[in-house]
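Can you make the complete structure from the sequences, with help from the hints?
Number of protein chains: 2
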Amino acid sequence: MPAFLNDSFLHDDEALLHVSDLSIQRGYAVFDFFRTTNGVPFCMNDYLDRFYRSASEMHLSISKNKQELSEIVYELIKRSTYTDAGIRLMVTGGYSADGYHTAVPNLLIICHPVKLATQADYEKGLSVITYEYQRDLPQVKSINYLMAVWLHPLLKEKQADDILYFKNNIITEFPRANVFMVTRDKKLITPRRNILHGITRKNILSIATEMIEVEERDIAVDELLTVSEIFLTSTTKRVLPVTRLNDQIIGNSKPGEITSVLYKKFLEMEELVTKDQATGAVNPYSMP
Amino acid sequence: MPAFLNDSFLHDDEALLHVSDLSIQRGYAVFDFFRTTNGVPFCMNDYLDRFYRSASEMHLSISKNKQELSEIVYELIKRSTYTDAGIRLMVTGGYSADGYHTAVPNLLIICHPVKLATQADYEKGLSVITYEYQRDLPQVKSINYLMAVWLHPLLKEKQADDILYFKNNIITEFPRANVFMVTRDKKLITPRRNILHGITRKNILSIATEMIEVEERDIAVDELLTVSEIFLTSTTKRVLPVTRLNDQIIGNSKPGEITSVLYKKFLEMEELVTKDQATGAVNPYSMP
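Going down the list, the protein sequences come from chains A and B.
Per our numbering: the first sequence ends with 277, consecutive numbering throughout.
Per our numbering: the second sequence ends with 277, consecutive numbering throughout.
Don't read these hints as lab results, they were simulated from the structure.
Treat the hints with care, since some could be wrong.
The list treats identical chains as interchangeable, and a pair is accepted whether it falls inside one copy or across any two copies.
[Unchecked claim] Derived SDA-like pairs (lysine to any residue); straight-line CA-CA distance at most 25 angstroms:
hint	residue 1	residue 2
1	K145	A86
2	K253	N241
3	K253	R182
4	K156	N183
5	K156	D125
6	K175	E112
Right, here's the structure in full:
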């Protein structure tokens, strides 16, 4: 796996951080993640924008500008041999002299093979449990997944695939994905507040707005149990139906009608956008 | 700085973790920290117990038993040249194949010079601001200091030394220290819930119980503003008076009477315990 650390391209084996780094000392770092399709990064501009926003919110500077990051990403893709690659960008609090205050940030970019959700995953759908929790600084893609990783044994015990967070009876997001619901009168609703604003979420909203009524607003846990469809969106999972929520079956355990149309249109968009970029027909910076 | 990683003693320069470690990927790790006085670890048994408890709560196994950890610590102290050393133990989620699930934990122990609070720090006291926040899994000494580090610019702006967390009007703790207050009728009170149970806190409670009435209970923010003394306790700060809370002066800006007695008695205890251990008069495992 090819990697880049601060100013050097290196092999993944050499992607090491000294333990004084503030990610290791205090869990202080931000990251972002996107993937390639047809050999080109999908919506890279949006992901890079979010990466800079996260870093800025966390008072961390990134030593490269967007053009430079983009060039490093393309070089990593060239050096890799993966058909579908995942690009992980990270900026940490740096090698801290006292193990508590930020120093010169470390910038790390890794290109690795990526496992996407399959058509079979889509057909099967997800079994989900709810859990009361609110991430700190939710608009920032920080590395703080303490609760998400800590909950893995609970997921296993409940034989569930994922956890849906809520706080004060309002649902927010999955640890690594956004949530959508389709009401019985065919409105598409997704939370607006206290979440990470996903790039796939943005694309789905953009597609859906052309088709049906869309609302971004608070959703109560109880309301979620009355809807006809629930699905999640994420970079590697694209669109996946939720077919079980706690002990309740959602939509006859099958992907819903609206979910299926959105999924199909998203795949078409992905194909179109990356194909145009691969042939050089479109400036990658003008991508949605 | 001498260090130990999994099975090997090494120099601090070689204390590196691959970026796939779950501390770097997801901020998933626990640690503990203690120091030496008169060349011997102070209350090591208590700190090691807490380290095992934190790891267990986080579903992380530690590859060495307490006797083995203790021997590694003594070897590190022998290899170091510091009069006062800090010992930092850490166990991480390990090199994760998918960057999200735990693997074989990495165990890391580092011996480094330690900067303790001085008599001048004690005389000066601390200026503190309150901030609404509750740590996740507060009984676990995890590396999640996202909020604490994120708040550094606010501390600077307010010209404050430290932050006192509260939640729903109940105070809990500092990011790295416990809080105590002395009421006008000379009771010593400290929070009992939603905190990390400090070893210095435990020692101070043990000393104070012999002297005055002691309570462990919830403290409202408003109540804290009515008291005659406030101080914090931590491993490196021992006992430090809080002389300003938000915009209010506490105890005429001077260390309080009870605070001073407790501080003096704590220093005596530290001297006694470590001196006995240094001369081999006391079994280190029977220490308070």
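Right, here's what the structure says about each hint:
no.	hint	result
1	K145 with A86	between (40 angstroms within a copy, 18 angstroms between copies)
2	K253 with N241	within (20 angstroms within a copy, 70 angstroms between copies)
3	K253 with R182	neither (27 angstroms within a copy, 50 angstroms between copies)
4	K156 with N183	both (10 angstroms within a copy, 18 angstroms between copies)
5	K156 with D125	both (12 angstroms within a copy, 14 angstroms between copies)
6	K175 with E112	within (21 angstroms within a copy, 67 angstroms between copies)
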